[in-house]
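K.L.:
Chain by chain, the residues run as shown.
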Amino acid sequence: MKKHNLIVKLIYLIPILLTLSGCWNQSQIEERAYVIAIGLDKAEASNRIKVTYLIANPEYGSQIQGGGTEEPPQEIISFVTDDITTSRNAANAVIAKEITYDLLRVMVVSEEFAQDKDFVRWMYDSTKDPEIRRDIHLVVSKENASEFFQKNKPRLETRPHKYFELALSRGIETGMLPNSELLQYFRITEADAELFLAMYGTTQNKDKDEQDNDNDHFTAGEFQFEGETNQTNFAGSAVFKEGKMIGKLSGDETRISVILNPTLDASDILTTYKDPFNKKYRIAVRVNKKSANKVEMDLKADKPSINVTIPLEIEVLSAHSMVDYERDINKREKLKKSIEKELTNKIEKFVARTQEEFKAEPFGWSFIARKQFLTIPAYKKFDWMKTYPDMKVNIDVQITFGQFGRQSELPKLDEIRD
Amino acid sequence: MEKSTGKIGIKEYIAIILLTIGTKLADDLPSIIYNSLYNAAWMMPIISGILVIIPLYLLIKTMMYYKEKSLLEIVVHLLGKYLGFIVIFALWIVGSITIIIDTAIYTDIIGTMYFSRTPTIILYFVLVGVCAYGAKRGIEQIGSVARALLPYIKISILIALILTMIQGNLDFLFPFFGPGEWTVIKESSLRLSIYGDILYLSLLTPYIRNANDFKKGTWIAFVILVAELTIAFFAYLLLFDFESVRMLSYPFHEVIRYINFGFLTNVETFFFPFWLIATFVRFAVYFYLNGILFGRLFRIKDFEHVIPSLATLFLLLGMILENNPIALTHVRDYLLIFVTPIFFGLPCILWIVAKLKGDYKNEKT
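Same order as they appear, the protein sequences are chains A and B. For the record, in the first sequence the residue sitting at position 257 is 257 according to the UniProt record's numbering, with numbers rising by one throughout. For the record, in the second sequence the residue sitting at position 78 is 78 according to the UniProt record's numbering, with numbers rising by one throughout.
There may be inaccurate statements among the hints.
Said to hold, decoys possible - In silico BS3-like links for lysine-lysine, alpha-carbon gap of 30 Å or less:
no., chain 1, residue 1, chain 2, residue 2
1, B, Lys154, A, Lys128
2, B, Lys136, A, Lys9
3, A, Lys346, A, Lys392
4, A, Lys349, A, Lys241
5, A, Lys9, B, Lys301
6, B, Lys355, B, Lys81
As the list claims (entries may be wrong) - Computed, partial: chain A to chain B, Cβ under 7 Å:
no., residue
7, Phe186
8, Arg187
9, Glu190
10, Arg370
To be verified - Pair ranges (Cβ atoms, derived):
no., chain 1, residue 1, chain 2, residue 2, range
11, A, Glu98, B, Leu264, 56 to 62 Å
12, A, Ser267, B, Leu158, 36 to 42 Å
13, B, Phe261, A, Lys153, 41 to 47 Å
14, B, Phe125, A, Gln204, 52 to 58 Å
15, A, Leu317, B, Leu264, 55 to 61 Å
16, B, Asn212, A, Thr100, 54 to 60 Å
17, A, Phe79, B, Phe261, 43 to 49 Å
18, B, Leu264, A, Thr158, 19 to 25 Å
19, B, Asn266, A, Glu173, 18 to 24 Å
If you are wondering where the hints come from, they were derived from the structure by calculation, not from laboratory data. Just so you know, even glycine gets a beta-carbon here, dropped at the ideal spot from N, CA and C.
Hey, can you work out the whole structure from these sequences and the hints?
P.N.:
Rendered as structure tokens:
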């Protein structure tokens, strides 16, 4: 009897084993082509797009197998297709392996395509595909995305997934790039009150054009550099309103947006300001946002107004004028006033630009405004995006000084030259 | 070794309640609630939780009075043979419809979010098969599995929710009252039945070792559930904002795809198995309860043997629905609203009848 039972149990086990092995979704790493970045361009035919895949070679640079393979780190393929989901099959005409978006990190869109009125439609395709995750970064390129990928030749970080990860996350840390995940794109587009900022990058560089005096006032492509390196540069941001690109911000303006916006973050902003004692020189500083901005709004008035107080901690890294700021409290006070004035002017100018040019703001102020409404219908009736351009915005920058660098004393210049 | 009694203790009972109702935060329930309540959705578990205290209190009071009887016997005792049969039959039908709709939805979640190429019928078959097998093993086994796995499942969900809240934005809570105070209260009370499983779970009293365990267990689990659902609705809102969250079919699964642990991405592969196990336990309990009702209706003593046949029936019915997952969410919402009066009314009626019959007085003197 017992023996009989055992046999019956074994017979039951077999179909269970079969269900375990019958994984329809199972596939091996070497059977898949991992798309790290996807590029989208306008196609000549209407309602079609040009898709570019940047496919990484997972064997390249790996430690096992004695240092990888002879095969190149990546391959690129561009073609015209109907949408980004079915394009995976079409690409198989060229690519031998099954194409997967599991490791997709970056979506690059050409400026021309982003400005298209149908751009939103293509973006919403990506909400349907379960393999496209919402933490992918959206990057706008000045040229066509296909050209962008072909010209992008990282020298020291040849593995493409590492390259994008490092380049973009560093840009976010320094405040030159906004954190532009797809999640935010959809959230802001659907909330319909704010502007969305996407990272801006290019491989085309302006030649010999005079770069602005102020050294952060450039967008990707305007930065002048020489040497043997990758042509690609990322700086500044593309402005999206209602899901469509409507303008560009320089690196400097992106930083202001980051400083003003509680939902964006930057931790390592290095920049320069005018020296109040010698207009010729600029002082190098590190800007830290230690506490949240104080935003007060009066929305009930005929002309609604916003008062923003921005507390910043500034570490003076070096002063070319060799003015002794460390020990002279009056000079420090003057420097403080000067930076506050410079920053306030800059921010006010930029706020005015958003009111006049974009007619909406990317600072997350609508979320603060919401607190003044009890219900969604009341908030919708107020219509933040419509009201914003006519608002009175007062900016107040308050600076506290942090450290003054490693060495506290500077020699008197005339004494050295004596 | 402890001898098997076929009964469960308070820990197992609490684990079963937490897994059957708690799993709802990770299916399309949030989507249903957000659709009518926008950013005030997180208030819904609290408001309906407060209202649910009334039927729950009356239910437990009635149950505790007839300690030696099961819920079904009480129903027959108080309402008479015919009315009692109708009530039990209605409970069985509602329970069956719930199983059919919910299994179809869960199959859709697994199919669209994770195993997009596996044929639906296979996913459905495996889901129903595993759960029916679990149910057939009896409540004691389900209980011990639930109790053993509960900490892991709840800790994994808690980690996911905390990570979500860290990456979210508190400002998305406002405007505080969402679509308006009255709408919030109205829509919340219409969907009390998210806690309706408790009524069904009280069918388990004959299998609980001690009657007081039932009373204590229900209240403890209920408080944890209200907190859990509130936190979950809160977390999704903070990450997505109210317009976007309404467009998601399964917010929990979007959330675990989005969040990351520092350098670790694709963490859904960590959370998904726990969710899957919770799902198995949940439907095993559902099948078991359905078996109890069916057994009582048609006087089948060893109802556990009926479960596989019932499961096959539900599988076939569910396959018909499966073709239309979008409609399913609507059907589920109607079901929630439809079940609410039953869940609220039945304990009240039982208590009133017991009071009128004077059974309470007799016992006390």
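K.L.:
All hints are to be evaluated individually against the structure, with a verdict given for each.
P.N.:
Hints and how they fare:
With a C-alpha separation of about 29 Å, the suggested pairing of Lys154 of chain B with Lys128 of chain A holds against the 30 Å cut-off. At roughly 16 Å between alpha-carbon atoms, Lys136 of chain B and Lys9 of chain A fall within 30 Å of each other, so this suggested pair holds. A distance of roughly 16 Å separates the Cα atoms of Lys346 of chain A and Lys392 of chain A; the hinted pair therefore holds under the 30 Å criterion. A C-alpha spacing of about 20 Å is found between Lys349 of chain A and Lys241 of chain A, which places the hinted pair at or below 30 Å, so the restraint holds.
At most 30 Å may separate the alpha-carbon atoms for a hinted pair to count; Lys9 of chain A and Lys301 of chain B meet this at roughly 26 Å. For the proposed pair Lys355 of chain B and Lys81 of chain B, the alpha carbon gap of about 19 Å is at most 30 Å, so the pair holds. Look at Phe186 of chain A: its Cβ gets to within about 6 Å of chain B, closer than 7 Å, so that hint holds up. Taking 7 Å as the C-beta cut-off, the interface hint given for Arg187 of chain A holds, the closest approach to chain B being about 5 Å.
Taking 7 Å as the C-beta contact cut-off toward chain B, the hint placing Glu190 of chain A at the interface holds, the least distance being around 4 Å. The closest approach between the C-beta of Arg370 of chain A and any C-beta of chain B is roughly 4 Å, which is under the 7 Å cut-off, so the hint is satisfied. Look at Glu98 of chain A against Leu264 of chain B: about 25 Å separates their beta carbons, and that is not inside 56 to 62 Å. For Ser267 of chain A and Leu158 of chain B, the Cβ-Cβ distance of about 28 Å falls outside the hinted range of 36 to 42 Å, so the restraint is violated.
Between Phe261 of chain B and Lys153 of chain A the beta carbon distance is about 32 Å. The supplied range of 41 to 47 Å is therefore violated. For Phe125 of chain B and Gln204 of chain A, the hinted distance range of 52 to 58 Å is satisfied, since their beta carbons lie about 56 Å from each other. Checking the proposed 55 to 61 Å range against Leu317 of chain A and Leu264 of chain B shows it is violated: the Cβ atoms sit about 35 Å from each other. Checked against the hint of 54 to 60 Å, the C-beta distance between Asn212 of chain B and Thr100 of chain A comes to roughly 55 Å, which is consistent with it.
For the pair Phe79 of chain A and Phe261 of chain B, the supplied restraint of 43 to 49 Å is violated, since their beta-carbon distance comes to about 36 Å. Between Leu264 of chain B and Thr158 of chain A the Cβ separation comes to about 24 Å, which falls inside the hinted range of 19 to 25 Å. A hinted range of 18 to 24 Å for the beta carbons of Asn266 of chain B and Glu173 of chain A is consistent with their spacing of about 23 Å.
Hints 11, 12, 13, 15 and 17 from the list above are not met by this structure, while the remaining hints are.
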